[in-house]
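Q: Build out the structure end to end from the sequences listed, making use of the hints.
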Amino acid sequence: MFSFDTLSLLFLLFLILGIIPNIFYSFGYLSHIKRKKHYLVHYFAFILSMTGVIIANTPLLFLLFWELMSLTSWQLILTDAKDEKTTTAARFYFFMTHFGFVFILLFFLIVSNGNVSLPFDQLHPIAKQFAYPTLLFFMLIFGFLSKAGVIPLHVWLPYAHPAAPSAVSAMMSGVMLKIALYGFLRMILEILYPWSLEWGVTILILGALSSVIGVLYALAEHDIKALLANHSIENIGIILIGIGMGMIFDTLHLKLLSTFAFIAAIYHIFNHMSFKSLLFMSAGSVLHETGTKNIEKYGGLIKKMPITAFSFLLAAISISALPPTNGFLSEWMIFQSLLGSSNISDISLKISIPFTIFALALTGGLAIACFVKAFGITFLGLHRSTNAKYAEEVNALMRLGMILMGIVTLSLMLFAPFYIHLFNTSLTPFGWSDITQKIVPNFWNIHSIANNGGVVSPLILLVSLLIITALLVISAKKLGIQKRISHTWACGYNTTAKTQYSATGFAGPIRRFFVWLYKPQIHFHKTTIAGHTTKFKTALYDVHIKPLFETTLYDGTKRVLNIISYYLYRLAHFEQVRYGAIIFNLVLSVLFGYRIVAHQFNWSTFLVEFFILLVSIKILVIGDKK
Amino acid sequence: MIQYLIFIATLIATAPFFMSLIKAVKMWLLYKKPVSLFQGYKDFSKLISKEVIISKEASSITSIAPYMVLAPLLIVLFFLPVPSENSYYVGFVDAFTITGLIALSTFFLMLLGLDSASSFGGIGSSREAFISALVEPAMILVIFSLSLMAKDLGVAKAALNLSNNFPVQHLASFTFAAIAFFILLLAENGRIPVDNPETHLELTMVHEAMILDISGFYLALIESASSIKFMIFATLFVSFFLPFGMHLPFVLALGLFLLKIAFVSITVALIEVNTAKLRLFKVPNLLGIAIIFAFLSLISYYTLGA
Chain A
1 MFSFDTLSLL FLLFLILGII PNIFYSFGYL SHIKRKKHYL VHYFAFILSM
51 TGVIIANTPL LFLLFWELMS LTSWQLILTD AKDEKTTTAA RFYFFMTHFG
101 FVFILLFFLI VSNGNVSLPF DQLHPIAKQF AYPTLLFFML IFGFLSKAGV
151 IPLHVWLPYA HPAAPSAVSA MMSGVMLKIA LYGFLRMILE ILYPWSLEWG
201 VTILILGALS SVIGVLYALA EHDIKALLAN HSIENIGIIL IGIGMGMIFD
251 TLHLKLLSTF AFIAAIYHIF NHMSFKSLLF MSAGSVLHET GTKNIEKYGG
301 LIKKMPITAF SFLLAAISIS ALPPTNGFLS EWMIFQSLLG SSNISDISLK
351 ISIPFTIFAL ALTGGLAIAC FVKAFGITFL GLHRSTNAKY AEEVNALMRL
401 GMILMGIVTL SLMLFAPFYI HLFNTSLTPF GWSDITQKIV PNFWNIHSIA
451 NNGGVVSPLI LLVSLLIITA LLVISAKKLG IQKRISHTWA CGYNTTAKTQ
501 YSATGFAGPI RRFFVWLYKP QIHFHKTTIA GHTTKFKTAL YDVHIKPLFE
551 TTLYDGTKRV LNIISYYLYR LAHFEQVRYG AIIFNLVLSV LFGYRIVAHQ
601 FNWSTFLVEF FILLVSIKIL VIGDKK
Chain B
1 MIQYLIFIAT LIATAPFFMS LIKAVKMWLL YKKPVSLFQG YKDFSKLISK
51 EVIISKEASS ITSIAPYMVL APLLIVLFFL PVPSENSYYV GFVDAFTITG
101 LIALSTFFLM LLGLDSASSF GGIGSSREAF ISALVEPAMI LVIFSLSLMA
151 KDLGVAKAAL NLSNNFPVQH LASFTFAAIA FFILLLAENG RIPVDNPETH
201 LELTMVHEAM ILDISGFYLA LIESASSIKF MIFATLFVSF FLPFGMHLPF
251 VLALGLFLLK IAFVSITVAL IEVNTAKLRL FKVPNLLGIA IIFAFLSLIS
301 YYTLGA
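Sequence order for the protein chains is A and B. At position 78 of the first sequence the residue is numbered 78 (this note's numbering), and the sequence of numbers has no breaks. At position 3 of the second sequence the residue is numbered 3 (this note's numbering), and the sequence of numbers has no breaks.
It is possible that some hints are incorrect.
Short derived list, chain B residues pointing at chain A, Cβ under 8 Å [what the hints assert, rightly or not]: (1) 72; (2) 97; (3) 101; (4) 136; (5) 275; (6) 276.
Because the hints were derived from the structure by calculation, they are not lab data. The C-beta atom is built at its ideal place from N, Cα and C for all residues, glycine as well.
A: Right under this line is the structure:
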């Protein structure tokens, strides 16, 4: 029924780290929720279901808890269902999560031969007998990675996360997405083990695409929670780059590098949980005080809400992968495993992996830009709305939640060697070698496994940063620097809330450079004076971006489905003879199709069968037109 | 150890000198009366004796950020390759960490720009974010290809390896990497094709726009940070791409090293005089060239072994 192997225990630790600060925050938040009972029941059921997913050892239990997780989180999104947007987001989430569920169900039905109460470790031989393992792998991708939010199955994230209460979005983004990754990891490690090279490459490509596209859409976003949700897509991409590299190295029999890449991916899973929860919590506090999710309506909040501001800053530095934070360490490890690609002998693979390095580095640069925008516009400068002016620091429980999560973030940096040791021991039962001694020979340094030997030491960096800053501050004291608060120059202009730079303006250059991706809709309204085009009383410049994948893939599919359903509708109004004809044709195509599945395929019979089908459809179903 | 400390002290001490050198060479080439080579020191001493004026709109970030702009760069100084092969060096920090520390400094500089609520600060931060986002991939690709040629990712060790046995057989990819890195040197330090450090026009400003409202000691910190950043990039450039003279006795080696830095500074000055500043939206083209050269360097290393 349940199993507590090393991987499960590791993710239980993950769950504990992620949930305890969240519970404090959640109780602080509770007074603002109208349906308290509804919220609490689903909140704790959600936590229970995630625990269940982690420790479940049979497909049946796994599916049960997985479905419970989906349903409770769906209800949590609907906690404050005030407007149309929330219900639409919830419906979208409901659809996407069940889209994934179908594939997981199919996967389990195939690998267990229908006996869904077999424990996981007995599934491997059955899965091995299945003739099309790649099909199984794609089921895993659709099933688990649609939940994790990988491109192009990510579309529900920027809708669902902003709609949920902040504690829930912190939990969904920080913890639930990683539970999906846990499911993926467990399936590929335990059930689908001998991988082929193409699978690793697929995951690598998906990861690289998700990371770049996620951060680009985050940059263009004005809704702070949607911005963070887009960053989740980016970070899932980074984790998948790590997993993909691990899979590639494993298929090429570079065992040590493979272990290193998997450790890097798991480390990033933990790190993303810590800083993304912290970001969502502090964004939630801001939202709670100002009553709006629009970044353009914030400003100057650091003076009123210092704890929120500094926890956001800590998380922002960490998610931008700046040293010496934990986000930097795991991204550094992923870079190191990408550099390990110079050991690959296949030249075409060797040349294409630098493109992933390029994607990851670009992601890093853009993430810095995005978080300067998010932090700078939200917390610095002058307030941009009356609500922001009268914002206060949030209540003690919410602050405690943020501080605890901040401590988790810091501990992931300070005790990196300890955590890395844990990650490695969780992988060893699956046949990965123990390389803790090579990566973290002492408490100071983290070594790379690649032969070019990179080293990083978070503690030394942190301590030296502190020492040097302290020396500079002391020298300022010694020099007797006087400070005066007054008007500064600002090029001679009056500084008001209106003349500050806006978030739209901040992302302007980048948006303009990537205009082929964004295809923005620009609204520019101005009331001109007496017909002069250059003189105007008021002007409003507004940019909206509808994600490319949504317009092409999803809306396109919708359109195609509409067309098909229109023809089906017309078909449904045929007379009974044609129904018979349709059924006859369906039976015919099933019989012919069976040959392909049963490996009796050859082109000549295929052509003959195809021709017969066409003729019978033409004569029987369509009939002769007048 | 002594040599190592002397080297770091020299880097800090000579940083303003080389910045003034660039300025002086530029003015001389433009038939102006050149500034004194010690102008940087005069500015510094003047700034630290002045009172700091903080904008009314600013928050605590303004009093944290100047330190956080300078401190990471000072740490980087300790990890740089040394001019002489016998002296002590820090072998355990690799190039990613250096890139990260530089990015950390830029991060706080951009926050500083946004903190005083002036629209100029915002414009500067926005442009800096745009440029540094595109610099990052080129930087990391150059590091990757260099680490392959130098057989080590630790910068100090890599420079030593390069000076001991220079990879003559990989000269092609070496040159490509050098071109890419030089473009990065110009872009990251805000030199002319990318940014003009000497004007105060909103059309051309990037770096200066962010620090318009900073004064006194804080301005001194940020100005020293920008000169130290130039020294970091110049040191990396000369120790990777001009790796000779490291076996000389320390004093000679240090002298040679300073000469090489002076050579880089004069080259930068020559480029600044001979090119116009690019429009902001043309800057990605220049950085695109850097990225392409970095890729070329890697690909020619892999496929041709050249």
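Q: Hint by hint, work out which the structure violates, then give me just those numbers in ascending order.
A: 5 and 6
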